[in-house]
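Trainee: Model the full assembly from the supplied sequences, consistent with the hints where possible.
The residues making up each chain are set out below.
4 protein chains.
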Amino acid sequence: MLSDKYLEIRNLTEEICRPLKTEDYVVQPVVDVSPPKWHLGHTSWFFETFLLKPHLKDYTEFDPNYNFVFNSYYETIGARLIRTDRGNLSRPSVEDIYNYRKHVDRYMQVLLDDEAKTANLKEIIELGFNHEQQHQELLLTDIKYILGHNPLFPAYIDSEKPFFRVEPGTFIEIPEGIYPIGFNGDGFCFDNELGSHNVFLQDYKIRSSLVSNAEYLEFINAGAYKNFEYWHLEGWEWVKQNQIAAPLYWYNIDGQWCHYTLQGLKPLTLDEAVCHISYYEAHAYAAWAGKRLPTEFEWETASSKLNWGERWEWTESAYLPYPGFKKEKGAIGEYNGKFMINQMVLRGASEVTSPGHSRPSYRNFFHPYLRWQYTGIRLAQ
Amino acid sequence: MLSDKYLEIRNLTEEICRPLKTEDYVVQPVVDVSPPKWHLGHTSWFFETFLLKPHLKDYTEFDPNYNFVFNSYYETIGARLIRTDRGNLSRPSVEDIYNYRKHVDRYMQVLLDDEAKTANLKEIIELGFNHEQQHQELLLTDIKYILGHNPLFPAYIDSEKPFFRVEPGTFIEIPEGIYPIGFNGDGFCFDNELGSHNVFLQDYKIRSSLVSNAEYLEFINAGAYKNFEYWHLEGWEWVKQNQIAAPLYWYNIDGQWCHYTLQGLKPLTLDEAVCHISYYEAHAYAAWAGKRLPTEFEWETASSKLNWGERWEWTESAYLPYPGFKKEKGAIGEYNGKFMINQMVLRGASEVTSPGHSRPSYRNFFHPYLRWQYTGIRLAQ
Amino acid sequence: MLSDKYLEIRNLTEEICRPLKTEDYVVQPVVDVSPPKWHLGHTSWFFETFLLKPHLKDYTEFDPNYNFVFNSYYETIGARLIRTDRGNLSRPSVEDIYNYRKHVDRYMQVLLDDEAKTANLKEIIELGFNHEQQHQELLLTDIKYILGHNPLFPAYIDSEKPFFRVEPGTFIEIPEGIYPIGFNGDGFCFDNELGSHNVFLQDYKIRSSLVSNAEYLEFINAGAYKNFEYWHLEGWEWVKQNQIAAPLYWYNIDGQWCHYTLQGLKPLTLDEAVCHISYYEAHAYAAWAGKRLPTEFEWETASSKLNWGERWEWTESAYLPYPGFKKEKGAIGEYNGKFMINQMVLRGASEVTSPGHSRPSYRNFFHPYLRWQYTGIRLAQ
Amino acid sequence: MLSDKYLEIRNLTEEICRPLKTEDYVVQPVVDVSPPKWHLGHTSWFFETFLLKPHLKDYTEFDPNYNFVFNSYYETIGARLIRTDRGNLSRPSVEDIYNYRKHVDRYMQVLLDDEAKTANLKEIIELGFNHEQQHQELLLTDIKYILGHNPLFPAYIDSEKPFFRVEPGTFIEIPEGIYPIGFNGDGFCFDNELGSHNVFLQDYKIRSSLVSNAEYLEFINAGAYKNFEYWHLEGWEWVKQNQIAAPLYWYNIDGQWCHYTLQGLKPLTLDEAVCHISYYEAHAYAAWAGKRLPTEFEWETASSKLNWGERWEWTESAYLPYPGFKKEKGAIGEYNGKFMINQMVLRGASEVTSPGHSRPSYRNFFHPYLRWQYTGIRLAQ
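Chains as they are written, first to last, in the numbering used here: chain A, 35 to 415; chain B, 35 to 415; chain C, 35 to 415; chain D, 35 to 415.
Hints are supplied without guarantee of correctness; some may be wrong.
Note that the list lumps identical chains together, so a pair holds whenever it fits in one copy or between two copies.
[As the list claims (entries may be wrong)] Straight-line distance between alpha carbons at most 25 angstroms, and here's what the computed DMTMM-like set of lysine to aspartate or glutamate pairs gives:
1) LYS325 to GLU201
2) LYS361 to GLU271
3) LYS300 to ASP97
4) LYS325 to ASP119
The set of hints was computed from the structure by calculation and includes no laboratory data. These figures come from a predicted structure and were not determined experimentally.
Mentor: Below, the structure written as C-alpha cells:
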C-alpha cells in the first residue's frame with residue numbers, strides 16, 4: 035500500500051530527529067550541511083509542490099512564504115532562499131515545521147486514498163518517497179557534522195551500534211567481456227540509472243572488502259599526506275590549503291587516534307572500514323598502495339560478488355549521462371541531469387542509508403573534495 | 035546597593051530575551067550580529083572570568099569548555115571560538131546557558147554580599163555592569179537584524195512604542211574658545227573617556243535636532259545615491275558593491291516606503307529621525323545638504339544644548355586615544371584601546387540604549403560601513 | 035634528423051613572437067594566460083632540466099635562478115614561482131631570455147649530434163618537441179588574449195588569413211559495436227593516449243561539420259543565455275556571475291556583432307565555425323538544439339569520416355585515465371596524470387595548433403569554464 | 035619662470051626612469067604599485083585634461099583612448115580602467131607614451147608662453163607640478179617594489195648613496211598652549227592644508243631623531259611580533275594573516291639581516307632610520323617602548339626643532355578635514371577630500387621625495403597596513 039509506505043517513510047524522518055534539541059535543528063555550519071528543520075520542511079514542500087498543489091483539487095497551501103524558504107534548487111518553481119542563508123533563519127520555528135508536516139500528511143492521505151488518481155501518479159509518488167529517503171541519510175550526515183564540529187562533542191545517541199568490521203578480503207578476477215550496465219528491473223529507479231546499455235571491460239581484479247582504518251593508518255604513517263606524488267594537482271592543493279592530515283572526524287589526542295561518531299568521541303577501531311575521506315584521498319591511497327579505484331562499470335559488474343553496503347565507495351568514474359539519458363520535462367528534470375559536471379560517482383550504500391534505498395545500479399555523486407558523507411575506498415587493479 | 039543593581043541589570047537582559055523563541059537564540063546571519071544565546075553566555079563569562087575565578091575562593095567553574103565558547107576577543111584569556119562560528123553552535127543549549135547564568139548569579143551574590151571585598155573590586159564590578167548594558171543594546175540590535183532579515187518579517191513585540199519625533203530644530207551657535215573634554219565626574223566611565231583635557235574650537239553651529247526621514251527622503255529623491263560627488267571614495271565603492279539605495283530596513287513596496295521595526299514591517303513615519311545609516315551615508319547627506327557632521331569635541335561641548343538620546347550620532351572624528359590615555363594592565367586593557375584604528379566615533383545614545391548607560395562624554399565607535407546599530411545624523415557648519 | 039626537427043620547432047616558437055613589442059612579452063592579464071617571455075623561457079628550461087642537466091656532461095647552467103622562475107608545475111624539480119606571479123616579473127628581460135634560448139640551443143646541438151646518446155633519449159627528446167609545440171599554441175592563444183583584452187585592440191598580424199568556412203554538414207551514422215580506442219602506432223604520443231583498448235558503443239550519429247556562428251546566433255537570439263533549462267547548475271551560475279551573453283571576443287557594437295581576431299576587430303563572419311566557447315556553452319547549445327555532444331570514444335571512432343582540425347571540440351567525456359594507464363616515474367610522470375580530475379576532454383586540433391602536432395587519438399583537456407582556447411562544438415545524437 | 039619649472043619637473047620624471055629596462059615599465063605586482071609607464075602617461079594626462087583641453091584652443095588630443103587608460107580616480111572625467119588592470123596592458127607601448135609626453139610638452143610650452151592666460155591658471159598649473167612630483171616619489175617607491183620583489187633582486191642604480199644616519203636624539207619638551215596649524219604662506223599648498231586654525235596642546239615631549247634599525251631590531255628580538263599586547267586588534271590580525279616578522283624588504287639570510295635597497299641587496303646598517311614599516315608596526319613599536327606616536331598637530335608645532343626629511347613619519351592622527359575645509363568644485367575637488375576616511379596622516383618627507391616638494395604643513399596619508407613608502411617612526415610621550 036502506497037499509503038502505508040508513505041507513513042512509514044515520513045515517520046522514519048521524524049524518528050531520526052527525535053534525539054535532537056530544538057537548537058540542533060537550526061544551524062548550518064558549512065554550506066553543504068543544511069539545518070535539520072530545513073530538511074523537515076523541504077521534504078514536505080516536495081510533496082506539496084509536485085503532488086498536492088497540481089493534483090489535489092481542494093488543497094489549501096499551508097503558508098505561501100514556504101515555497102521561497104524550502105525550494106532547494108528548482109529554478110522552474112521560482113525564486114528561493116540562497117543556500118548559504120538556510121542557517122540564518124530562526125523562523126519558521128521547529129514547531130511550525132512539524133505542523134507543516136502534519137498538514138501535508140493529512141492531505142497526502144486524501145490523495146493516496148484515491149486509487150484511480152494514484153495509479154497515474156505512481157512515478158512521482160515514488161520519487162517523493164526516494165527523495166525523502168535521500169534526505170534521511172543527509173539528516174544523519176548533517177547531524178553528525180553539526181554535533182561533531184561542536185567543541186562540546188555531544189553524542190547523538192547513546193546505544194552502542196556495532197560498526198562494520200572489515201575482513202581481510204581477496205581480489206576477485208573478472209574476465210574481459212561485454213557487460214550490461216544500468217537499471218533493468220520493475221521497481222523504482224532514478225533517471226540517471228536508465229538507458230540500460232552494454233560496456234566492454236578489460237580483465238580486472240577488484241577487492242571483495244573495503245580498505246580498513248588499520249590500512250589507512252599505514253598510509254598516514256608513511257607520510258603520504260606530505261608527498262605530492264600520490265595526489266592529483268587539485269588534491270594536493272586541497273591538502274595544503276586545508277591542512278588535511280587525516281580523515282574527517284579523526285583527532286590525534288595525546289598520540290592516540292580517536293574519531294567522532296554518533297555516539298560521541300571514541301578511540302579509533304582498527305578493523306573498521308575507513309570513512310569520511312574525499313575522492314582525492316581515496317585516489318591517493320590507491321596510488322600509494324600501487325592499485326587504483328574501480329570504475330563505476332567495473333563496480334556494477336562485480337557487485338554481486340562484493341561485500342557492499344557499509345560505505346559509499348568512490349569510483350574512478352565522473353558523473354556523466356548514460357547513452358540515451360533523457361531529462362524529464364519541467365522541474366523534475368532538474369533532479370539529476372544538471373549536476374552532471376565536476377562530480378565523481380559513488381557506488382554502494384552506507385550504514386546511514388535508509389533501508390531498501392540503494393541497489394547495484396544506484397549512482398550517488400559528490401564533488402571530489404567532500405568528506406561529510408560516509409565514504410570509503412575499494413581497490414581494483 | 036551593588037547587589038540590587040546587579041540583579042536589576044541581569045534581569046533586564048533576560049527580560050529582553052523573553053519574547054524570543056528558542057530558535058531565535060541560535061542564529062548569526064552576519065559576522066557582526068551574535069546569537070542571543072551567545073550574549074547571555076558571554077556576559078556571564080565576563081563576571082565569572084574577571085570576578086569569580088580570581089576573587090571568590092570557593093568558586094566552582096560551571097563548565098571548563100565555556101571559556102573557549104564565550105570569550106569574545108580577550109587574547110590574554112586564551113584560545114577562543116572564531117567569531118564567525120558563533121552561529122554554528124547548537125550547544126550549549128539555551129537551557130544550559132540559563133543554568134549557567136543562575137550558577138554565576140548565585141556565586142556573584144556571595145561575592146557582592148562581602149562588603150570588604152567588593153570595596154576593592156568596585157571598578158571591575160561596575161565595568162561588568164556597564165559591559166552587560168552594552169550587550170543589552172546589542173541584543174536588541176541583533177534581534178532586530180535576525181528577525182528583520184527573515185523573509186517572514188516576524189515582530190519582536192506587539193505593543194506600539196512611541197517613536198522619536200524630530201522637531202524642525204535650529205542651529206545653535208558656539209563661540210570660539212578653549213573647552214574641556216572627557217569625563218570629569220565621580221561615577222563610572224570607560225577608560226577611553228579619561229584624560230580630561232582642553233581643546234580649542236573655532237566658531238561653529240550645530241543643529242538642535244537630528245535629520246528626519248522626510249529630510250533624508252529628499253536626499254534619496256535627489257538621486258544622491260547615484261552621484262559620486264557627495265561620497266568618500268570608499269563610501270562610493272561601498273554603495274556600488276552593495277547596491278545601497280536607502281537606509282537598512284527600508285523597503286519600497288509598490289511605491290510606498292516601509293521599514294522593518296521591532297513591531298514588524300510598518301509604513302515609514304516622516305517626522306521620525308532617520309536611522310540605520312552608515313557613516314558614509316551620514317557624511318554624504320551632510321555634503322549634499324551643504325553642511326558637515328560635527329566633531330566629537332563640538333558635540334560634547336554643545337551637548338547640554340542639544341536634544342539627544344534618540345539615536346547614536348556619527349561624528350566627523352576618528353576613534354583615537356585622548357592625550358594621556360593609558361591602557362590598563364592585563365585583559366581589561368583589551369576592552370577599548372585595541373580598537374582605536376579605522377573606526378569613527380558616535381556620540382549620544384539610542385532608544386535601545388539601557389537606561390542610565392550613556393553620558394555626554396561617552397564615546398561609542400563603529401566601522402564606517404556598519405548600519406545595524408540605531409545610528410542617525412546631526413548637522414553642523 | 036632530430037637536430038633539424040629541433041631547430042625547426044625552436045625557430046617556429048620565435049617566429050610566433052616576432053610581431054610582438056617588448057611590452058607584449060611581459061603581461062599576464064589572467065592566471066591562465068602566461069606572459070610570452072615566460073613561454074620562451076619555460077620551453078628552454080624543459081630541455082635544460084630533462085636533457086642537458088642529467089645527460090650532457092659538460093653542461094653549464096645558464097642561471098641557477100631560472101629553475102625557480104621557469105618551472106611550471108613539477109613538484110619533483112623543486113620550489114617554483116607561484117603561477118599568478120608570472121606577470122609580475124620584469125626580469126629576466128626579453129633579451130636575457132633569448133640569450134637563454136641560444137645557450138640551450140647550442141648545448142642541445144651538442145647533445146643531438148651524439149647519435150648513440152640520443153638513441154636512448156629519443157622518448158624524452160620527442161616529448162620536449164611536443165611540449166614546445168603545445169606552448170606554441172598557448173603562445174598564440176595567450177597573445178590573442180593579451181591584445182584582445184587591451185582597450186586599444188591592437189592587431190597581432192595584418193595579413194588576411196582565410197578562416198574556416200563551415201559547410202552545412204550531415205549526420206553520419208555509426209553502428210553499434212566494439213571499437214578500438216587509444217594510440218596504436220609507431221610515432222610519438224602522450225602517455226594519456228596509451229593503453230589501447232576496446233570500447234562498446236551503441237548506435238549513434240555524429241555531424242560531419244562543426245556548429246557555425248550563424249547557428250550559434252540563433253541560440254543567442256532565442257534567449258538561451260537567459261534560460262536555465264539548457265544549462266548545468268554550475269554552468270548557469272557561471273553565466274550569471276560572469277554576465278556571459280556571447281562567446282569570448284564577441285562585441286555587439288551598435289547592433290552589429292564583431293569579434294576580435296589576430297587581425298584586429300572584425301565583423302563576425304556567419305559561416306565560420308563558432309569559437310571561444312566554454313564546455314558549459316557547448317553543452318547548453320547542444321541541449322537547446324535537441325542534440326548532445328559526442329563522447330571522446332564516439333569522436334575517435336568516427337574521426338576518419340569527420341571534417342576536423344579547425345577547432346578543438348568539447349566532448350561529453352571527463353578527462354580520466356584509460357584502462358592500464360601508467361604514470362611515469364619522476365617529474366615526467368607529472369606531465370598528464372595529475373590533471374585527471376574536473377576537466378573535460380577536447381578532441382581535434384585548431385587553426386593555431388602546430389603542424390603535425392595532433393592526431394585522432396590526441397586528448398586535449400581543459401576546465402569546463404575556460405574559453406581562451408580555440409574551442410568549438412560538434413553535435414551528436 | 036613657469037615654463038622652466040615645467041621642463042625641470044618633466045625632465046626629472048624621465049630621469050628617474052632612465053635606468054629601467056622596457057620590461058620594468060610594464061608590471062604591477064600589487065594593486066598599490068602602478069607600472070612606471072602608467073605614471074608617465076597619467077602625469078601627462080593630468081596636464082592634458084585640466085589645462086590643454088579646457089584652456090588651449092587649438093589643442094589636438096593625442097589619442098582619445100588615453101583618457102580611459104590614464105584617468106586614475108576622477109569620476110568627473112568619465113569611465114576609466116579598473117586599477118588592478120594597469121599591469122595587464124602591454125599597449126600603449128613605452129615608446130608611444132614617451133611620444134605622448136612630447137606631444138603634451140609641446141603644447142604646454144605654447145600655453146605657458148601665454149602670460150596673460152597662465153596668470154589665471156597659476157593654481158592649476160602648480161597643482162600639475164606638485165602632482166607630477168608626487169608621482170616622482172611614487173615612481174621610485176614602485177620601482178623599488180617591482181625590482182625588490184623579483185627573485186633576481188636586480189639593482190636600480192649602482193652608485194652608493196649615503197643613507198641617513200640616525201643620531202641618538204633627545205626628547206624636546208613643548209609646553210601646553212594654543213598653537214597655529216595649517217598652511218599660512220604665499221606659495222603652493224594642497225587644499226587639505228588650508229583652514230589655518232588654532233589647536234590647544236597639552237605639555238608633550240617629542241624625540242629629535244627617528245627610531246633606528248638597531249632600536250627596531252631590539253623590538254624584533256624581544257618577540258614583539260609574537261605578542262598581541264602591543265598591537266591594535268586589526269594590526270594583530272594583519273601580522274598573523276600576512277606572517278609579518280620584520281619590515282618590508284628585510285631578509286634574514288643565514289642569520290644575517292639584509293635589506294633590499296635601490297642599490298640591490300645589502301647588509302642592514304644599524305644606525306640608519308628604520309624604514310618600510312606599517313602604521314600598525316609604528317604604533318606597536320611605540321607601545322613596546324613605553325612611548326607613543328605624536329599627533330600631526332604635535333609634529334607640526336615642534337617641526338622647526340626636529341631633524342626631519344629622512345622618512346615619512348606615521349602620526350597618531352587620522353586623516354580628517356581641518357575646520358573650514360572646502361572641497362573645490364569639479365574634478366579637482368576629488369584630489370584630496372574623498373580620501374578622508376580610514377587613513378592615517380604622515381608628516382615629513384623621505385629620501386625619495388622630490389626636492390622642494392614638502393613643508394611643515396604637508397599632510398601625506400596612507401592606509402595603516404601599507405609599507406611600500408619610505409615610512410619611519412618618531413616617538414613622543
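Trainee: Each hint needs a verdict: does it hold in this structure or not?
Mentor: Right, here's what the structure says about each hint:
Taking CA atoms no more than 25 angstroms apart as the test, LYS325 paired with GLU201 passes inside one copy only; the shortest distance there is 19 angstroms, against 48 angstroms between copies. Taking the shortest Cα distances, LYS361 and GLU271 sit within 25 angstroms of each other only across copies (19 angstroms), while inside one copy they are farther apart (35 angstroms). Only between protomers do LYS300 and ASP97 lie at most 25 angstroms apart by alpha-carbon distance; the minimum there is 21 angstroms, versus 44 angstroms within a single protomer. In this assembly of identical chains, the alpha carbons of LYS325 and ASP119 never lie at most 25 angstroms apart, being 42 angstroms within a copy and 37 angstroms across copies at closest.
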